[in-house]
Amino acid sequence: MTDLAWIDAAIVAARPEAIGALLRYFRDLDTAEEAFQDACLRALHNWPEKGPPRDPTAWLILVGRNAALDGVRKRSRSAPLPAEDQLSDLGDAEAPLAERLDNADYRDDVLRLLFICCHPDLPATQQIALALRIVSGLTVREIARAFLVGEAAMEQRITRAKARIAGADVPFETPGPVERAERLAAVLAMVYLVFNEGYSAGAGSQRLALTAEAVRLARLLLRLFQTEPEVMGLLALMLLQQARAETRFDAAGEIVLLDDQDRGRWDHRQIGEGLALAEKALRHQRPGPYQVQAAIAAVHARATRPEDTDWANIEGLYAALEHMQPSPVITLNRAVAVDKLAGPAAALALIEPLEPRLAGYFPFHGARGHFLMRIGRLEEARVAFDRAIALAATPAQAAHIRRQLDRLIQTADVA
Amino acid sequence: MLYAILCYNNEDVVWSWSPAKEAEVMGAIGAVQEQLIAEGKLGPSLRLLPTTAATTLRKSQDPPLVIDGPFAETKEQLLGFYVIDVEGLEDALDVARRIGAASPGGCFELRPIALFNPDPRMPAAVHEPARPETTVQA
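Sequence order for the protein chains is P and U.
Each residue of the first sequence is one higher than the one before, starting from 5 at the first, in my numbering.
Each residue of the second sequence is one higher than the one before, starting from 1441 at the first, in my numbering.
Keep in mind the hints are simulated off the structure, nothing from the lab.
Example chain U residues on the side facing chain P (calculated, C-beta under 8 Å, incomplete):
1) W1455
2) L1489
3) T1492
4) A1493
5) T1495
6) G1509
Built from N, CA and C at the ideal position, the CB exists for glycine as well.
Please work from the sequences and hints to get the whole structure.
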């Protein structure tokens, strides 16, 4: 008994490794994708009758490779096509292939496939679209819907991205340790981009599904790179953030701040997995930015009530993160912890010097307005909130600031 | 007789289920579990997080070595288990078939249990045989 839903799930799960291996054989993305499509069609035809193969990924790679080789032969008209029946009997061929494709092969194949998508010539949005199309196998329509653009426009964007990387020099030899580490770092950044693309979407957006896709990719990477603490850190970070997904917006689609979220509705299974991974990473004593961010998310996840939050710990972790990758955005986040520990005046003093670099950054003006309001500089607070509204990327962001403005006006009236 | 039903499946597939699929499967399994509880056949059961969250303590050396991930690389991973209280193998197979019909893919390994220590923090009643006569009164 092999139901179609199972076949579909098995094909989706096998896709990154299968396309990665086919890309290694054919060294051409389009050929690899076509070969995989062919193999999927044959799987849909074959598996319900004969039962699923022991190793679906190896089956899809072998059948895909044969199909593509047939295609080459057909085009060159130099050899007769083998009959479909001959191809479908794979029982014997499958076993040796499965042994040859050990974890190390898959690891570099998947890494190469993802690495191609994060080619530095491609803007971030194209990297994400390409990875979702090729690695995750989302349809152009699904991706277009997630990015709120027309299907034709997205098709064109993906085609253009592919053309750009087709001319690029993609290394096919097995990478050395340094090169592998560099590729992994680029790929992790891309996976986190996919996640944030989903996480920053408004309530009810199609884009929210991208967070689950990023988690799936990170799980795959961690299975292939079991001892990499930064991969653990990234997966932990995403799980701990995603655990709060249900409580981030209210029924009207308005933003609910961390302090006001119903913590009982956080997803405790995801929190459990995230905390376990963060702890595993810590044992390696090779800290990195994802692990530190995961540690920050873990402090929030561990606090049963907002007032239980260990803000001193969070402030220290942001300071460590600032040290690893200096950025005004991280300082801004640290200011939120400083506010909790030392009050709004200290927080304001910390962020004032950031103004020139964060002048166009929505959260900066929101936070600044909030600090100014609380120390009674109401007119300046109003100006900051107006700036924030002008810079808001989603209606929910703008609405959230408007609520603060309302509170400000009430405060001003009382005074 | 106590049996363990060890559930093996491809975790990449299972952990990629959509929330809708997840709810559908858990709902179907939940319905079977309720029947089994009513029949007094179901003991503790649990579901494991993916093997990416696993750590292995390898005891072949002293002190034991802590390594990331599961001990063995396999195509199907241990995802969880049920403890069932049944007449014997045929009964155990019947229970396994019923749970199996509710959960797609993978395989179940049925292992007779040699020693069962109930959770010492739980009330002792948890593993006493069901007494239908007391529930009928309600």
